[in-house]
Every structure is written in C-alpha cells, then in structure tokens.
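The chain contents come next:
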Amino acid sequence: DVKVTQSSRYLVKRTGEKVFLECVQDMDHENMFWYRQDPGLGLRLIYFSYDVKMKEKGDIPEGYSVSREKKERFSLILESASTNQTSMYLCASGERDTQYFGPGTRLTVL
Amino acid sequence: GDSVTQMEGPVTLSEEAFLTINCTYTATGYPSLFWYVQYPGEGLQLLLKATKADDKGSNKGFEATYRKETTSFHLEKGSVQVSDSAVYFCALSERNYGGATNKLIFGTGTLLAVQP
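Chains A and B, in that order, give the protein sequences. Going by the numbering used here, 75 is the number at position 87 of the first sequence; the sequence numbering is gapless. Going by the numbering used here, 120 is the number at position 54 of the second sequence; the sequence numbering is gapless.
No wet-lab data here; the hints were simulated from the structure. One should not assume that every hint holds.
To be verified - If you only want the chain B side, here are some residues facing chain A, beta carbon under 10 angstroms, derived:
1) Q104
2) G107
3) L110
4) Q111
5) L112
To be verified - Dumping the calculated BS3-like pairs for lysine-lysine here, alpha-carbon to alpha-carbon at most 30 angstroms:
6) B/K143 with A/K(-9)
7) B/K169 with A/K43
8) A/K(-9) with A/K43
9) A/K58 with A/K6
10) A/K58 with B/K169
11) B/K169 with A/K41
12) A/K43 with B/K115
13) A/K45 with B/K169
14) A/K6 with B/K169
15) A/K(-9) with B/K118
16) A/K1 with A/K43
17) B/K134 with B/K169
18) A/K45 with A/K58
19) A/K59 with B/K115
20) B/K126 with A/K(-9)
21) A/K59 with B/K169
22) A/K45 with B/K118
23) B/K122 with A/K(-9)
24) B/K169 with A/K(-9)
25) B/K115 with A/K45
26) B/K115 with A/K(-9)
27) B/K143 with B/K115
28) A/K58 with A/K43
29) A/K(-9) with A/K41
As the list claims (entries may be wrong) - Each pair of labels, with its calculated beta carbon distance range:
30) B/R133 with A/S53: 33 to 43 angstroms
31) B/S80 with A/G28: 22 to 32 angstroms
32) B/Q147 with A/K1: 35 to 45 angstroms
33) A/K41 with B/S80: 46 to 56 angstroms
34) A/E10 with B/A83: 33 to 43 angstroms
Cβ atoms here follow ideal geometry from the backbone N, Cα and C, with glycine treated the same way.
Using the sequences plus the hints, can you model the full thing?
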C-alpha cells in the first residue's frame, strides 16, 4: 500500500512565525503535491513537484514556498504565517493520473 | 479551463437506502475521473477511478460509470451503511500529453450522513 505521512496532525502557530510542514512518501513517486482544504472551497493546489529540486506553482502559491531536496520528501513553508493561512493542509504523491493523500495537517495561526 | 461540479450537500439517508451523488465535468480533452472519500479527521482516500468512456469504476459497493455523452461520473451505492458517512469528492485528471504532471481538479465535495 502507498503510504504518505505528514509530520503533524495538528499545529498551532503565531502570526509572523515561519512554519514548516513535512511530507514523506514511500512509493518512489516522481510527483508530489500540496493542497489546502477550506469549507466551501474544496481542495486548492498550492504547489507541486515532478522531480527532485523541481517545483511548479499551483493555483494559490502566494505566501507559500516549497522544497524538494530528496525524492521522498516534499516540504511546504509558510515564510511568515498569517491568520488567513489557518486551514487543513493535505500532501499527496502519485504517478501518471492517480494521487494518494496523507492524513492532513490542521494548522491554526493565532 | 477544466472544472468539476458536484451536487451540494449534505445528503442525509437512512441505512440501507440507495445513494446517488451527481458529478459532471467540463474538459477539453479526455480526462481520467475519480471519486475520493474523506472520513472525519482524515485525508482523502481514492475510492474508485475510470480512465476512458464507458469504463465503470467500483470499490466497496460503490460504482460510477464514465459517461462521455453526458460528461458525468455519478457515484452510486445500492445500500448505504452508517460507516459510509463521509465527504465524497469527484475529481478529474487534466490530460497532459507533454509528459508533465497531471493535475487533479476537484469538486467542492458532498457530505453524506447516514442515519441508523
């Protein structure tokens, strides 16, 4: 079975803090993704990566950056957290057209 | 651009009732279609998929048929259980022939609540 893990299930941070969300997959997938999920808005793509050190902006990249130094790990970085970044963050990995998701990190920014 | 529209929730059913959750899509090419399920407090799990017209995806008693003529991929189950209570997302994979990553486009999700 594909396994995608995320470093934290719940996280509380203060406005202005730098926040790191980590995602690790064990299936040697080329592609990895970060989404945020908000009520009424569904899932929105923040960034994705199709290879080590490669990244592409998704639909809502503002306020975020990413890092992919190793194939199995994809990090989402909030350079200076703001309250409007309070959300559920979901990581996914996959090949071709199918993606497999981690359990999510619920981030609260106070 | 490509888009997915699914029925608004919540959908509330009694146990053993028949379930339909409607999903329609707009796409310029020939996307793959998916249903994902999200149980409370968890991430999304792939429920089923179909990759071409008239394909039927099925899993755990759920089914959906890829209907190109009506651009639909409706989710059905003959007899729901309380344990099926979750949010269901319809999605399509943008077909990218250049070899780059295929992105998923999601609907907004439909909450299903099954009562005993």
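Now the hints, each set against the structure:
The beta carbon of B/Q104 comes within 8 angstroms of a beta carbon in chain A, closer than 10 angstroms, and the hint placing it at the interface holds. Checking B/G107 against chain A: minimum C-beta separation of about 8 angstroms stays under 10 angstroms; hint holds. Residue-level restraint check for B/L110 holds (minimum Cβ-Cβ distance to chain A is 4 angstroms; threshold 10 angstroms). Checking B/Q111 against chain A: minimum C-beta separation of about 7 angstroms stays under 10 angstroms; hint holds.
For B/L112, the suggested interface contact is upheld, since its CB lies about 7 angstroms from the closest CB of chain A, less than 10 angstroms. With a CA separation close to 27 angstroms, the supplied pair B/K143 and A/K(-9) stays within the 30 angstroms bound. Simply put, B/K169 and A/K43 have alpha-carbon atoms about 13 angstroms apart, close enough for the 30 angstroms limit, and the pair holds. Note on A/K(-9) and A/K43: the hinted pairing holds, with a Cα-Cα distance of about 22 angstroms set against a maximum of 30 angstroms.
For the given pair, A/K58 sits about 21 angstroms from A/K6 by alpha-carbon distance, which is consistent with the 30 angstroms threshold. Simply put, A/K58 and B/K169 have alpha-carbon atoms about 21 angstroms apart, close enough for the 30 angstroms limit, and the pair holds. At most 30 angstroms may separate the alpha-carbon atoms for a hinted pair to count; B/K169 and A/K41 meet this at roughly 18 angstroms. A threshold of 30 angstroms between alpha carbons decides the hint, and for A/K43 with B/K115 the separation of about 27 angstroms falls inside it, so the pair holds.
Note on A/K45 and B/K169: the hinted pairing holds, with a Cα-Cα distance of about 11 angstroms set against a maximum of 30 angstroms. Straight-line distance between C-alpha atoms of A/K6 and B/K169 comes to about 28 angstroms, which keeps the hinted pair within the 30 angstroms bound. With a C-alpha separation of about 27 angstroms, the suggested pairing of A/K(-9) with B/K118 holds against the 30 angstroms cut-off. A hinted pair counts as satisfied when its Cα atoms are at most 30 angstroms apart, and A/K1 with A/K43 qualifies at roughly 26 angstroms.
Distance check on the hinted pair: B/K134 and B/K169 sit about 20 angstroms apart at the alpha-carbon level, within 30 angstroms; holds. Only pairs whose Cα atoms come within 30 angstroms are accepted, and A/K45 paired with A/K58 is accepted, the gap being roughly 19 angstroms. The suggested pairing of A/K59 with B/K115 holds, with an alpha-carbon distance near 26 angstroms, which does not exceed 30 angstroms. Among the hinted pairs, B/K126 with A/K(-9) is consistent with the structure: their alpha-carbon atoms are about 20 angstroms apart, no more than 30 angstroms.
For the hint linking A/K59 to B/K169, the alpha-carbon distance of about 18 angstroms falls within 30 angstroms, and the restraint holds. A distance of roughly 28 angstroms separates the Cα atoms of A/K45 and B/K118; the hinted pair therefore holds under the 30 angstroms criterion. Distance hint between B/K122 and A/K(-9) is fulfilled; the C-alpha atoms sit about 26 angstroms from each other, no more than 30 angstroms. Taking the CA atoms of B/K169 and A/K(-9), the gap is about 20 angstroms. The hint holds against a cut of 30 angstroms.
Annotation: proposed proximity of B/K115 to A/K45 holds, straight-line Cα distance about 26 angstroms (limit 30 angstroms). Note on B/K115 and A/K(-9): the hinted pairing holds, with a Cα-Cα distance of about 19 angstroms set against a maximum of 30 angstroms. For the given pair, B/K143 sits about 15 angstroms from B/K115 by alpha-carbon distance, which is consistent with the 30 angstroms threshold. Between the alpha carbons of A/K58 and A/K43 the distance comes to roughly 13 angstroms, so the proposed pair stays at or under 30 angstroms and holds.
Proximity of A/K(-9) to A/K41 is assessed by CA-CA distance (about 22 angstroms); at most 30 angstroms being required, the pair is judged to hold. Remark: the range hint 33 to 43 angstroms for B/R133 to A/S53 is upheld by a beta-carbon distance near 41 angstroms. Separated by about 27 angstroms at the C-beta atoms, B/S80 and A/G28 satisfy the suggested range of 22 to 32 angstroms. Distance hint for B/Q147 and A/K1: a CB-CB separation of about 39 angstroms, consistent with the stated range 35 to 45 angstroms.
For the pair A/K41 and B/S80, the supplied restraint of 46 to 56 angstroms holds, since their beta-carbon distance comes to about 53 angstroms. A hinted range of 33 to 43 angstroms holds for the C-beta pair A/E10 and B/A83, which are about 42 angstroms apart.
Hint violations for this structure: none, all hints satisfied.
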